[in-house]
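Per numbering that gives the first Met the number 0, the sequence shown starts with residue 0, numbered consecutively.
Note that these hints are calculated values from the structure, not bench results. Beta carbons: idealized from backbone N, C-alpha and C, even for Gly. Hints may be right or wrong, so weigh each one.
Derived CB-CB ranges, DEER-like [claimed, not checked]:
no. : residue 1 : residue 2 : range
1   : 41        : 155       : 30 to 38 Å
2   : 11        : 74        : 18 to 26 Å
3   : 58        : 34        : 35 to 43 Å
4   : 28        : 223       : 17 to 25 Å
5   : 226       : 62        : 31 to 39 Å
6   : 76        : 177       : 21 to 29 Å
7   : 60        : 143       : 33 to 41 Å
8   : 175       : 57        : 39 to 47 Å
9   : 175       : 135       : 15 to 23 Å
10  : 131       : 74        : 29 to 37 Å
11  : 62        : 131       : 26 to 34 Å
12  : 26        : 215       : 34 to 42 Å
13  : 26        : 163       : 43 to 51 Å
14  : 143       : 41        : 26 to 34 Å
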Amino acid sequence: MPTKKEPNATLTTATLAFMSDLVDNNNREWFQANRSRYDAAKAELVRVVDQVLLRMSAFEPLANTASKDCIFRINRDIRFAKDKKPYKSNLAFAIGPGGRHSGRIDYYVHIQPGNQSFLGAGMWQPTPANLAKFRQEVDYNAQELKDIIEADAFKAYFPEAAGEVMKTTPKGYPADHPEIELLRRKELFFMHRFTDKEVVKANFVDELVRGSQIMKPYCDFLNYLFYDEKEEPVEL
């Protein structure tokens, strides 16, 4: 007999309220006094990530990846920062093989009150070697990438392209190159934003999974280009 589908895990307005209050009281004394509120928010987030992992395992290799591997710590690293606030103003997790430290292009979810939440993925702060690979691929065969990011479903769900763009022309490419706009990209990261009302809806997990499926071809493109593509052997 078919098993009954587990109800969607949800984030609540209490979690968003805690994060909003934290922005106004970003100090250890307040945080410790409100630790139970944070623990409740973290527990909600864990349940959401558990369900996202389970459902995304149908199309991503996520075996042995647990929610604790995906969720970012709320504590900020302030050792070298001018801003000494000890806590982040958001909750976040990244879905990839092994979690947030997969070393590959993964799916990033950012939860922040004030309608600042989003699902995103793509090329962000690439190494010089990976940026060179990206530009070489655009120069050689831009159509494969364009077929992905210019597809109607992709553009409808991810209308916003973020990331640094060169004002000049990258070295080695002519200014009149037909794909000069892509070549000028130093980063190419796409986002789908969520309102606070959308974040606390019962279908939020469904939306994260659906958005990740739409994003998957772009992640696969970058992961193959950066990590999986084998260089042709040089004949001597």
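Each hint, compared with the structure:
no. : hint                     : result
1   : 41 with 155: 30 to 38 Å  : 33 Å, holds
2   : 11 with 74: 18 to 26 Å   : 23 Å, holds
3   : 58 with 34: 35 to 43 Å   : 37 Å, holds
4   : 28 with 223: 17 to 25 Å  : 49 Å, violated
5   : 226 with 62: 31 to 39 Å  : 18 Å, violated
6   : 76 with 177: 21 to 29 Å  : 43 Å, violated
7   : 60 with 143: 33 to 41 Å  : 22 Å, violated
8   : 175 with 57: 39 to 47 Å  : 45 Å, holds
9   : 175 with 135: 15 to 23 Å : 18 Å, holds
10  : 131 with 74: 29 to 37 Å  : 35 Å, holds
11  : 62 with 131: 26 to 34 Å  : 32 Å, holds
12  : 26 with 215: 34 to 42 Å  : 41 Å, holds
13  : 26 with 163: 43 to 51 Å  : 33 Å, violated
14  : 143 with 41: 26 to 34 Å  : 40 Å, violated
Checked against the numbered hints above, the structure violates hints 4, 5, 6, 7, 13 and 14; every other hint is satisfied.
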